[in-house]
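Asker: Protein chains in written order, with the working numbering: chain A, 1 to 339; chain Z, 1 to 339; chain U, 1 to 339; chain E, 1 to 339; chain F, 1 to 339; chain R, 1 to 339.
Derived by calculation from the structure, the hints in this document are not laboratory data. Incorrect hints may appear among the rest.
If you want a taste of the chain Z side facing chain U, the calculated C-beta under 10 Å gives, among others [said to hold, decoys possible]:
(1) Pro16
(2) Asn66
(3) Arg69
Just the calculated beta-carbon pair ranges, DEER-fashion [unchecked claim]:
(4) Asp321/U - Lys122/Z: 42 to 48 Å
(5) Pro210/F - Leu269/U: 31 to 37 Å
(6) Thr173/Z - Pro235/E: 46 to 52 Å
(7) Glu176/Z - Gly323/E: 36 to 42 Å
(8) Thr173/F - Met1/R: 51 to 57 Å
(9) Ser116/U - Gly293/Z: 31 to 37 Å
Cross-link-like lysine-lysine pairs, in silico, DSSO-like; alpha carbons within 27 Å at most [to be verified]:
(10) Lys114/F - Lys170/E
(11) Lys114/R - Lys170/U
(12) Lys170/F - Lys114/E
(13) Lys178/F - Lys114/F
(14) Lys114/U - Lys178/R
These figures come from a predicted structure and were not determined experimentally. Note that the Cβ used here is the ideal one computed from N, Cα and C, for glycine as well.
There are 6 protein chains.
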Amino acid sequence: MRTVTFGEIMLRLSPPAHQRFTQAGSFDACYGGGEANVAVALAQWGLEASYVTALPENELGQGAVNALRRYGVDTRHILRQGPRIGVYFIENGASERASKVIYDRAGSSAAAAKASDFDWEKILAGAGWFHFSGITPAVSPEMAGAVSDAVRTARRMGITVSCDLNYRGKMWTVEEAKAVICPLMADVSLLIANEEHIRTVLGIDTLDLPREDTNLTPEGAAEAAARLHARYHIPYIALTQRRSLSASDNRVGGVLWREGETAASRRHLVHIVDRVGSGDAFAAGVIYGAQTGLSLAETAQFAAAACAFKHTVEGDFIAADAGEIAALAGGDGSGSVQR
Amino acid sequence: MRTVTFGEIMLRLSPPAHQRFTQAGSFDACYGGGEANVAVALAQWGLEASYVTALPENELGQGAVNALRRYGVDTRHILRQGPRIGVYFIENGASERASKVIYDRAGSSAAAAKASDFDWEKILAGAGWFHFSGITPAVSPEMAGAVSDAVRTARRMGITVSCDLNYRGKMWTVEEAKAVICPLMADVSLLIANEEHIRTVLGIDTLDLPREDTNLTPEGAAEAAARLHARYHIPYIALTQRRSLSASDNRVGGVLWREGETAASRRHLVHIVDRVGSGDAFAAGVIYGAQTGLSLAETAQFAAAACAFKHTVEGDFIAADAGEIAALAGGDGSGSVQR
Amino acid sequence: MRTVTFGEIMLRLSPPAHQRFTQAGSFDACYGGGEANVAVALAQWGLEASYVTALPENELGQGAVNALRRYGVDTRHILRQGPRIGVYFIENGASERASKVIYDRAGSSAAAAKASDFDWEKILAGAGWFHFSGITPAVSPEMAGAVSDAVRTARRMGITVSCDLNYRGKMWTVEEAKAVICPLMADVSLLIANEEHIRTVLGIDTLDLPREDTNLTPEGAAEAAARLHARYHIPYIALTQRRSLSASDNRVGGVLWREGETAASRRHLVHIVDRVGSGDAFAAGVIYGAQTGLSLAETAQFAAAACAFKHTVEGDFIAADAGEIAALAGGDGSGSVQR
Amino acid sequence: MRTVTFGEIMLRLSPPAHQRFTQAGSFDACYGGGEANVAVALAQWGLEASYVTALPENELGQGAVNALRRYGVDTRHILRQGPRIGVYFIENGASERASKVIYDRAGSSAAAAKASDFDWEKILAGAGWFHFSGITPAVSPEMAGAVSDAVRTARRMGITVSCDLNYRGKMWTVEEAKAVICPLMADVSLLIANEEHIRTVLGIDTLDLPREDTNLTPEGAAEAAARLHARYHIPYIALTQRRSLSASDNRVGGVLWREGETAASRRHLVHIVDRVGSGDAFAAGVIYGAQTGLSLAETAQFAAAACAFKHTVEGDFIAADAGEIAALAGGDGSGSVQR
Amino acid sequence: MRTVTFGEIMLRLSPPAHQRFTQAGSFDACYGGGEANVAVALAQWGLEASYVTALPENELGQGAVNALRRYGVDTRHILRQGPRIGVYFIENGASERASKVIYDRAGSSAAAAKASDFDWEKILAGAGWFHFSGITPAVSPEMAGAVSDAVRTARRMGITVSCDLNYRGKMWTVEEAKAVICPLMADVSLLIANEEHIRTVLGIDTLDLPREDTNLTPEGAAEAAARLHARYHIPYIALTQRRSLSASDNRVGGVLWREGETAASRRHLVHIVDRVGSGDAFAAGVIYGAQTGLSLAETAQFAAAACAFKHTVEGDFIAADAGEIAALAGGDGSGSVQR
Amino acid sequence: MRTVTFGEIMLRLSPPAHQRFTQAGSFDACYGGGEANVAVALAQWGLEASYVTALPENELGQGAVNALRRYGVDTRHILRQGPRIGVYFIENGASERASKVIYDRAGSSAAAAKASDFDWEKILAGAGWFHFSGITPAVSPEMAGAVSDAVRTARRMGITVSCDLNYRGKMWTVEEAKAVICPLMADVSLLIANEEHIRTVLGIDTLDLPREDTNLTPEGAAEAAARLHARYHIPYIALTQRRSLSASDNRVGGVLWREGETAASRRHLVHIVDRVGSGDAFAAGVIYGAQTGLSLAETAQFAAAACAFKHTVEGDFIAADAGEIAALAGGDGSGSVQR
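Produce the entire structure from the sequences given, and follow the hints as far as they go.
Answerer: What follows is the structure, given as structure tokens:
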């Protein structure tokens, strides 16, 4: 089953190690973006994945294509047009100092693309799954239109649709997000989200639910999913849970709800190498579980392990095969040298 | 005497050593722009220099300010506003492979600034010299207006105005450049340019003049300057001469013409470390000569030496004090270890 | 209000990452010194700061000047004379292995300067605050004389004097320190110190005071300050508190005492990127609070936050604006990504 | 038209810059091998290319696959089996010091593969061109068998066969090479080689032919090709010409002979960044010309330009699109900055 | 007293920082191997140490010799012969992601050496101690024979023999190890091992012994040693204890048993920079204690401190003098800056 | 035959690549000094070499010892005492920009050593050759005394003495040098020098001798040597010849004169990676030729080849075995890849 993901991939520039922006004499460079990260994870785990976006015809656009191809992602449907690749700068935090992001994505080829530039009938031909995140429609009204077209086409073609809710306050207001996102929920078969976003964007009340360590308890999360299901009839809901102890240490996990059945992963205490893309790794993990027939409990452990594992890998893309994730999901988190 | 220079400073990103864009896993980062480079050179050579531009309020804008301050440039008149810092990517060529530039400067804080944002009366108070290049008015019509305002104000305040013609075909057409640049010439006391640009932008016929090694001979260059003077009445004209043998080796020099007097530098054969900013170093050299009372012949040697020296220094900014340039101008180009 | 700080700035050389001295094939280079670090912090936080020292006329001396200018410090009063810049080598520890310092500062331009080389009337003209640390007079008897001159001149001109006690056993004996430091206390309006140094250098008995986690309790610290005040009549006393759990993890905070009023910061658990200069950041924080009218409680939190923040920044200089410190002082230490 | 190339790809490890092996504290790493280099060049130039080899199932094998995919090479037919990836260490020479290679390829997955492991009917289905070099059969007798199988199968399927003669004295004797290579010539439609190898391996007398600068003159090279054709009936012969002035500077070019017609490229003087793979770039250039319908003269210029261009690119793989090569082939070797 | 150690030293290649193998564009390079690591530690601690192995005559073999000489190890008895140096690739884990090793040591000069290539009479002349690990005989049957020859010769010459048991499942089966290792125990005077290996290889039942934190309690470890002594009559037994909390944090210590006397070190909580070679540092610590006359309790603390210290040092070799280890053994693990 | 060399070894710090001092954010670090460089060359070429100096007991002193041991130099006679290691900073020039050196060697352990600290009877026991350069006595009067002691002792013990004249104007005046150096000549059996130094320091008139390309012709050099011999009766004289075309390109060679016989090497055109230590490589080459029985002509070629080769190697130390030098001496300077 081929999965198509759709969004914006950016050039990512980071000062080395823990340098601050104003100290940097060089930037480590890679490429990343939520849906690209999902495609890369799935391709590495042995599934077919295509990524769709718009990139300029210059070498930086080519660099993004090459980065995706390197990990086996199909890039045939990427449009090569428009003025520039979006850029984001990220400074790696430590201890109490948070990582900091400067977005420089305005006027990118993705933002400048027209909804009609994407021929979804052709792109989705032969695919079985379509994935997008809440960042994609926030890029521009045309991209929002493209997402809407894609979702409608996918549904018509019998293709499963998943969405990672991912609200970004720097890109649009909650009201704008609601107006675009909520109507899409009717066609979504799998929603990945965190508690805060289902409350603010989808309007689900979660403040009364039981908590531990600032996150909802597994039971609370299950109840939140049930309320979400009651409102939007989404059959499969995956809630991520994160506790930021510091910029160096987080605790992460997830709770899945599928048609009334629930499963919670164990919580991973992660010492952070690079936190970016860990939510995408979780989303990819849920999709992987669904496509390869894992049980709900196995899927919860796999997705949480993918999320935890990503924290130890530099760059937006996870670099790990499915066996490594499965081993961590299965409980080997001792970090003993493999030799 | 304080010199004010005005233009756009960008974040410059280069793949390390001779890597190509598509190979790069990191970018060396510095800041640069024609008029900033001139200010930095003058400040290092012991003269007072202020730089004027618009930069965003984020850390990348601060990085540019810090880079200028580091070399002693006055940054008080820089506007901190607007959406983003312009960026340019440059790949370092070698042998027959040319260096390649990708501009990503659209929508920068400089491009978004209004002409009226710059209070030239205040900025130029106490200054004795104003310098701009042909790149500045090409940034946007508002920046063209700001240059025009600055030149007019400078002239009214009795401040000397210099211009480095520097036509950039990627930024505007020859016709657009002509319409903006030619009227400014009436107020310019020193013009720095190469033969091609005085022909295409200022309309001076040079094709009939004597040449050697593709460049005009010193006599030819003097005649070209004389023709230019005849048309625009600019009292002081400095013509740069460059022969690109390869991306690794160039031959550079210059010819000065001041109210009929001429002087030609010797030609320097340079093995290139970083060619960017070498024209700005030449311009700064001419300004330095004028402000410190060098003879025309000394100035020609100093400016050409500054230009040659810059080819050996990484980054847009020259890093050299006036004594080092003077030593090379004086003839010590043997490169013997100083110990 | 302009602050003048006075001391020695050195070239700092560190093996990359966690390499040991004997393994190093390169050294990361920056510049630092207690009072320079304070000036850099204040300048970044929007206050005017001048730094005074002696540096050689070579490129390494210029490098130190440039490093200060980069962050907006006024360097006009730095003497350019003498034989060499002081150097210190520092190896970055980890876990139970301590960071190690090799000082190579003997015979530096600062050590070779004469007290009479510094014209304090001129340097302090227009200033409102003078700051030095206990390291400055330890550099040489002449530097001790210069500190004494400066303090006396400042007092006469009505300029506030602050001192960071900072006793360094490798530079002089306790007896030598006492003989120089104690007489200066009469003119000091703000003293920053830790418990050990007020006991050994200033002779304040603190061993009977209540403790937690090896440090004095807030009440104990307040009592120590009161005893110190009783002896030296210093109106404002700031005590730093540090618990070294390992070379990788420390707990830090501070207690302020001002004319009987006390305030204790919360304790920050810091995962260390670079510990050097964190005491200077604390001192700068107290000075910042005093100059910008923060309450004593706010100042305690700001200073401790500056100290904690510095542990996450490479180099001697803090790189952070006042807003970032204030945010951490205000309680956001979760390290969540800012995007 | 899809091209299939077959050989061994190795992990390449080089001390940084000009360090010697015994000085190295790190190695720059990439992947390369003659036939892989050809596939990468063709894929970048917009043609379809598949690469066939055997690589271990570990991460280093995966790294090689990823490196190929990054540039768009089809890797579906790569066998993932056997003990290890071959490694070669290369030290970058300078001036009179030659670059030095240490091969560590014994016992590699390619060397351990059986001829019968490769199913040529399936691999070559749909392909139009098959390319190998004289290195492939030198890897092991089984690889020699595989080449023989492939060539026979290709011929049967009507697929064009090209061979880059490339004799390596460290891998086998001239006699061994002759016994394997000469019989293959009957099925080769395009042979790329240098004069020395056609003399030693293919037995063509060239010592009496006219020379300049140690290489054969164009006329001499054409005569050599004619003699080669007379013996082996190969319809298309491409002879490379190289003059090693030093490890830093070479002069390169080529002469083509096709059914009596000849064409010589101009000679490029190259300042070397990385010389490895430049012969493969030449071979790819000839294949590119043949597949895209360039004239013989255009092909000679394109292939020589590809060879010259490769000298400026780090790593085994060329990084350049067809337009860049064509521009250099067309005569723009001035290396002027493109901006 | 000169110590001779015998084994295989390999070129070690690691992706920088926390990069994964498939991400690496370069590898940090050093040399290491269990017995070489012991020799380097002893030499740095002021004892005489010789290392014996076989290395190829090329520059990589020379690099290994140079690395050993750098730290003062006598390399006169190293054979320079055979085809290649063994290589191992190691990827540095983090958090729950384990470090990963790819061995590429088949066919190395050590593996290809004959037992008879080593002239033990000559090598051991003048030595007082011989040390090997269980890895050495696992390299090849000939190396197993060489170990056997060496042990027998040493015993005959009255030289103390120590063995670090170190079973490696990737190199041979438990049965193979038993057949070779058990007979050697009769001549071993000091055995270093962990609980798992004495159970699986030497057949000592330890599963019934008391535990804490997955390791045996000190009493349990002493009883295990007593059982081992009862079976093999080894006079001195050192048991290492490790608890892998994650790839980033371990807890380590050791228990010594000598003719009935026991001593347990304190447990060190280590934040890991580089874990490889920490067991060798422990072994070297025990040998150091024995040769320099430390008490059993002092030796336990010294060996555990060496082990803990090694975790903070990059590379296989410890870089620390005896005084640094002794200071940590003596209790100063606070990691306070030494200045 | 063991050679003892005597001088000062320093920590050398260089900005990476072609960075200027004021741009440097790190320094590449190695160790070097004229006589140490000679010892390292001889040891690598298979001869026994001891190096004598004074170094502090800290890690930087140890680093120097380790660097020497790494290449096989005997370091037993190095004194570990005194305050600091001398440091020199060197910035790598390019094209017309010369390399620049900042010495920071005042007050070093070598400068602080007493002549009587060196027990020459013991140091020279068993040695056959003693070598020093004109830099050593320039370090301090005590070091001058030590040189004098050493030369006298060597002569008494029948040990050959060689001297590399190497006058450094930054260290002492010509008059000071003359007073110390000239008396030593009576005991020198081999003098290495350039024309300028034999004229200025030893007072040999050479201005009337025939020249080409600024250097003396071989005949002129021979005549200069003959005059030198006539004055000082030195039996063996080696004159180096260098033409600095630029900081990137030099032409080097040498002329030997031994008891009337002369030999001139061919001239090498070198493209410079690192020029430092190339004179020492020449000196080592002459000593090597003398000790291994090369003819005078062979020695001239070997020494010049060593000198040329060194220009391609980073750091003060040459890294090359005798075979590599001999190959270049024998004429293979084409720089063809060795594979």
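Asker: If a hint holds in the structure, say so; if it does not, say that too.
Answerer: Going down the list of hints, with the structure as the test:
Violation of the interface hint for Pro16/Z is found here, the shortest Cβ-Cβ separation to chain U being roughly 15 Å, above the 10 Å cut-off. Look at Asn66/Z: its Cβ gets to within about 5 Å of chain U, closer than 10 Å, so that hint holds up. A distance limit of 10 Å between C-beta atoms decides the matter here; for Arg69/Z the minimum to chain U is near 5 Å, and the interface restraint holds. Judged by the Cβ atoms, the range 42 to 48 Å given for Asp321/U and Lys122/Z is violated: they are separated by roughly 26 Å.
Between Pro210/F and Leu269/U the Cβ separation comes to about 34 Å, which falls inside the hinted range of 31 to 37 Å. For Thr173/Z and Pro235/E, the Cβ-Cβ distance of about 51 Å falls inside the hinted range of 46 to 52 Å, so the restraint holds. Between Glu176/Z and Gly323/E the beta carbons are some 27 Å apart, a value that contradicts the proposed interval 36 to 42 Å. Roughly 53 Å separates the CB atoms of Thr173/F and Met1/R, a value that falls within the hinted 51 to 57 Å.
A hinted range of 31 to 37 Å holds for the C-beta pair Ser116/U and Gly293/Z, which are about 35 Å apart. A threshold of 27 Å between alpha carbons decides the hint, and for Lys114/F with Lys170/E the separation of about 25 Å falls inside it, so the pair holds. Of the supplied pair hints, the one linking Lys114/R and Lys170/U holds, its CA atoms being roughly 25 Å apart against a limit of 27 Å. Restraint check for Lys170/F and Lys114/E: the C-alpha separation of about 25 Å stays at or below 27 Å, so the hint holds.
For the proposed pair Lys178/F and Lys114/F, the alpha carbon gap of about 22 Å is at most 27 Å, so the pair holds. Taking the CA atoms of Lys114/U and Lys178/R, the gap is about 35 Å. The hint is violated against a cut of 27 Å.
Comparing the model with each earlier hint shows violations of hints 1, 4, 7, 14; every other hint is respected.
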